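Asks: If you want the building blocks of each chain, they are given just below.
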Amino acid sequence: MDFRTCVNIQKEWDIVGARQFGRDFSKKLGFGIVDQARIATAISELARNIYLYAGSGKICFDEVENVGSRGICIVAIDTGPGIKDISQVMEDGFSTSGGLGAGLPGVKRLMDEFDITSKTGEGTEIRVVKWVR
Amino acid sequence: MAKNLKEILVDNSNGLVHMWLEEVAEKQKEVTNSAISQDLFENTNREFVNIIFGSVEKESLTSDLDSFTERVINLGWPLSYLTDGLQLFKRVAIEFLIEHEELDVPVPKVLRHVDELVNPIINQLVNEYSGSWENTVSLQRVALQELSAPLIPVMDNITVMPLIGTIDTERAKFIMENLLDGVIKHHAEVVLIDITGVPVVDTMVAHHIIQAAEAVRLIGSTCILVGIRPEIAQTIVNLGIDLSKFPTKSSLRKGFTTALEMTNQMIVQTNSEEQTIEELIDSLDRSKQS
Ligand SMILES: Nc1ncnc2c1ncn2[C@@H]1O[C@H](COP(=O)(O)OP(=O)(O)OP(=O)(O)O)[C@@H](O)[C@H]1O
Ligand SMILES: [Mg+2]
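Quick mapping for you: the protein sequence lines, in order, are chains R and B. Position one of the first sequence corresponds to residue 568 (our numbering), numbered consecutively onward. Position one of the second sequence corresponds to residue 138 (our numbering), numbered consecutively onward.
Next up, chain R with everything else stripped away, as it sits in the complex:
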């Protein structure tokens, strides 16, 4: 496996840095234009959630392989307040910040795999994968 690269999220403009990195990385892995846009958008959502709700955290990138196919794995990690009710935040339209509440359910649809683990008071980790088609 490759060395994992992480982009720290502290300021709003770090979101742009993370998604730029993700876009370049996915281009290198052979993703097409539409999937590159999906991946960049997913990173934008995860990074903005970290910036808004946890204050700071990081987005890590990995290349993954599975019987003949390659993919990108993105992990968003923070040590913020955590999420109490995961099924609630995965509903379309649920937002505690007056947003559209489309971020997390949207990321799940943009990517092929989606795993979320969170503990209140400890933080949140969201792992997503997209395979090259």
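Since the hints were derived computationally from the structure, they do not count as laboratory data. Since the structure is predicted, the reported quantities are computational estimates derived from the model, not experimental observations. Honestly, I wouldn't trust all of these hints.
Derived pair list, reagent style SDA-like, types lysine to any residue, alpha-carbon separation capped at 25 Å [unchecked claim]:
hint	chain 1	residue 1	chain 2	residue 2
1	R	Lys578	B	His344
2	R	Lys675	B	Gly213
3	R	Lys625	B	Thr306
4	B	Lys391	B	His323
Chain R is already provided as a structure; the job is to place chain B with the ligands on it using the hints.
Replies: Frame of chain R, contents of chain B with the ligands only:
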């Protein structure tokens, strides 16, 4: 004490300047920047050390100091050039004083005294440097803001706002304000927001666009979202964002046609115009032949 420390330093300024210049040159070798000429370095160093001595001698901060800092900033040199130079000056001065035979001042006192002489200069330089840096940043910010949400009144009732580049929270607010001001000022019935140049449309950007369109609707005009690239259309659908409350078009051209229909306007090409163009081309031909 026959002479105070300051006087000793001033009396021996030639030697000290020499030592300092050597040390600085040594240090600058480590971070050689080929883009900066040796002459410029040496002249600036010389001027710098004279200004340090000037301030030490008068025990006050001279205006030379400010203008010198300003020039260093304009040259684009880092703050560390100034702070390193002053730290070196402290070291040179302390070593010199401790080894000076006429002097029997305890070392801690030497250290304190040199600090008292040099620290105000360091503070002044850092303040000056960071102040003008902040100034530059805020000017650039204003310049960026002017670029960030331009409104183009293309014709009666129709205005275009082309957005290029990343939209952050601050810019999103600015877009909203500019949009509403502009719609009122230009009496726009239709305003086209062109997002061809926006690299990522995430939920935050979409939310701001929806709010802007809603606000435009409340003041009695219509917003058309144009320049939706195919991959952006796909991600918007994946995110599950509903843009059906206002018209969307793939290109500015199509949006403009819609805007013309909405404002009961048409662009017609008149015959006479065609003729004049033909005549013009003909006359060019004739001039070539002759
Ligand atoms: N990293 C996180 N730490 C803590 N809470 C989070 C985190 N990410 C999301 N949440 C919570 O989950 C809710 C839903 O997130 P989601 O991204 O789906 O919508 P949103 O951020 O509110 O709006 P938007 O549509 O703009 O993304 C948030 O309002 C927030 O309360
Ligand atoms: Mg969100």
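Asks: Which numbered hints does this structure break?
Replies: Structure breaks hint 2 only.
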